[in-house]
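Knowing the structure of chain A, use the given hints to seat chain B on it.
The residues making up each chain are set out below.
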Amino acid sequence: MEATPLGASFVNAKSGDGSPSLDLALFGVTADSFLLDGEPPTAAEPGLVLHRDLEDDGVEVGARYVLGGSGIELPVLGFTDAGTYGHAPIAFVPLEVWQEVQYGAQPDGRFSAIALAGDGDAIDRAGEAAELDVLTKTEAYAGSPGYSAETTTMTLIRGFLLVISALVVGAFFTVLTVQRTRQIGLLKAMGASNGYIVRDSVGQMTVLVAAATAVGVALGVGVISLLDGGEAPVELSLSSVAVAAALLVLSGVLGSLAAIRRITQVEPAIALGVEP
Amino acid sequence: MTTHPLQCRGLVVTFPDGPGRRTILDGLDLDLAAGELVTISGDSGSGKSTLLAVAGLLRRSDAGEVVVAGTETAGLSERRRTALRRDHIAFVYQSANLLPSLTALEQLQLVGHIRGQRPASTRARAQALLDELGLGERSHQLPAELSGGERQRVGIARVLMSDPDVLIADEPTASLDPARASSVGELLASAAHERGIATLVVAHDDVTRRHADRHLRLEDGVLHEVDATQVGAGAAG
Numbered sequence: 157m158e159a160t161p162l163g164a165s166f167v168n169a170k171s172g173d174g175s176p177s178l179d180l181a182l183f184g185v186t187a188d189s190f191l192l193d194g195e196p197p198t199a200a201e202p203g204l205v206l207h208r209d210l211e212d213d214g215v216e217v218g219a220r221y222v223l224g225g226s227g228i229e230l231p232v233l234g235f236t237d238a239g240t241y242g243h244a245p246i247a248f249v250p251l252e253v254w255q256e257v258q259y260g261a262q263p264d265g266r267f268s269a270i271a272l273a274g275d276g277d278a279i280d281r282a283g284e285a286a287e288l289d290v291l292t293k294t295e296a297y298a299g300s301p302g303y304s305a306e307t308t309t310m311t312l313i314r315g316f317l318l319v320i321s322a323l324v325v326g327a328f329f330t331v332l333t334v335q336r337t338r339q340i341g342l343l344k345a346m347g348a349s350n351g352y353i354v355r356d357s358v359g360q361m362t363v364l365v366a367a368a369t370a371v372g373v374a375l376g377v378g379v380i381s382l383l384d385g386g387e388a389p390v391e392l393s394l395s396s397v398a399v400a401a402a403l404l405v406l407s408g409v410l411g412s413l414a415a416i417r418r419i420t421q422v423e424p425a426i427a428l429g430v431e432p
Numbered sequence: 011m012t013t014h015p016l017q018c019r020g021l022v023v024t025f026p027d028g029p030g031r032r033t034i035l036d037g038l039d040l041d042l043a044a045g046e047l048v049t050i051s052g053d054s055g056s057g058k059s060t061l062l063a064v065a066g067l068l069r070r071s072d073a074g075e076v077v078v079a080g081t082e083t084a085g086l087s088e089r090r091r092t093a094l095r096r097d098h099i100a101f102v103y104q105s106a107n108l109l110p111s112l113t114a115l116e117q118l119q120l121v122g123h124i125r126g127q128r129p130a131s132t133r134a135r136a137q138a139l140l141d142e143l144g145l146g147e148r149s150h151q152l153p154a155e156l157s158g159g160e161r162q163r164v165g166i167a168r169v170l171m172s173d174p175d176v177l178i179a180d181e182p183t184a185s186l187d188p189a190r191a192s193s194v195g196e197l198l199a200s201a202a203h204e205r206g207i208a209t210l211v212v213a214h215d216d217v218t219r220r221h222a223d224r225h226l227r228l229e230d231g232v233l234h235e236v237d238a239t240q241v242g243a244g245a246a247g
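Protein sequence lines, in the order shown, are assigned to chains A and B.
Numbered per our numbering, the first sequence spans residues 157 to 432.
Numbered per our numbering, the second sequence spans residues 11 to 247.
Among the hints, a few may not be true.
Sample of chain A residues lacking proximity to chain B, with all beta carbon distances greater than 12 Å (derived) [as the list claims (entries may be wrong)]:
no., residue
1, 346
2, 356
3, 410
Covered stretches of chain B (in silico footprint by chain A; criterion: 3 or more residues with CB under 8 Å from a CB of chain A, positions within the stretch not fixed) [stated by the list, open to error]:
no., stretch
4, 54-68
5, 214-226
What the hints contain is simulated information worked out from the structure, not anything from laboratory work.
These figures come from a predicted structure and were not determined experimentally.
Glycine included, every Cβ here is placed at the ideal spot set by N, Cα and C.
Pulled out of the complex, with its shape left as it was, chain A reads as follows (with noise of 0.2 Å):
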């Protein structure tokens, strides 16, 4: 099992030849550190390795940078597949580099966490020895700052969203069925109990929902594979899709229920234009 320190903490690098400036993920890591692929920067040579998207943003090898406030200068070293990190591209820099943009001259020989490298016994070993809890990574993830309360705002925008549509088709077929007030009467008249009318309605509702949701599924697909390959990164899951669409159709059938109290209210002697 290997074992490496790792300084972790949010810079905004400011370019020395007027280009724009950085919001960096800043992560300090010793010159024999397993987490960079290649060659690390060390601290004879100290330099930034940057996640690779930034280079297809124009930035360039040998373009230096002054990290935050603490008036250290370097120059760019090169380009690796790093990813991000809190939502900002990773940027490795030496250990010590990175102590002292943190904690200035005494840094104390601090940096945040202690990154292993091993199978999953080793690990689990190795956290019992130190009376840590091991995680999973998607409790990692979960335990990471900011990381829930994103999660849970976007799971509420996409039950907001479902209420809103429910809310949307409900008063749609509300207005439906005001308009057909006259038809409903007839029908009762000619001796339509409110079952029929209301499994006539359901089902003409059922249908309408589920043809709009397929036009809506076919023109979001296409708008996100337009987008797929491009800035904004995108994911078409079949399950996500068809999950969202079936709650959907749930959603739009039920709002339309709310239509359901009125039909049958509706008195049969508006057929003959009397006041019930």
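Positioned in the frame of chain A, the structure of chain B alone reads:
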């Protein structure tokens, strides 16, 4: 089968009118025999449409009893009254009241559908009725594609499709020119006299009244017999 498919006994209907209530029907009695065509006239607001609604089980009276095909209806639930209406009563309206999205043929098939019959099983009878009323070539037209007279005849064909004991018509010729009104009046008379349907018609035109077995005038909440000799002399509506 009773000889009087529709009997109204002591009907009372009142409506809110300012602080009090206005009496529209005041102990009204009416017996309608099978095969009998009865026309009713009355001043505007005299309660003709209200009488039709109560007699057709579309609304309840404050007091009195409506007997349909031998069944007293005052104490029945709305579900039972709806079923009784479906099986025994049919309506012809002033403005045809056809469903705009259905063809003439489908308007008739709807009667069977409400009764739980499959459209395929009622198609032949529906087409035969449309043929009989001279609408055979128009069976696949929507209401918007039919003339006023044709729409009203589809409405009457829809009534015949349900094979009712009681037919209730509210000024069915009011919006038609004299020639088409005459045609509709004759169809109603035929429904009563040839098919044995007890037919109650609010009518102001002489054509329908000339075919009537009795003519009644609604005044002060009750019905009065009108002398047959007055019919056709432009008796007041």
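- Task: Give me the numbers of the hints this structure contradicts, sorted from smallest to largest.
- Result: 1, 2 and 5
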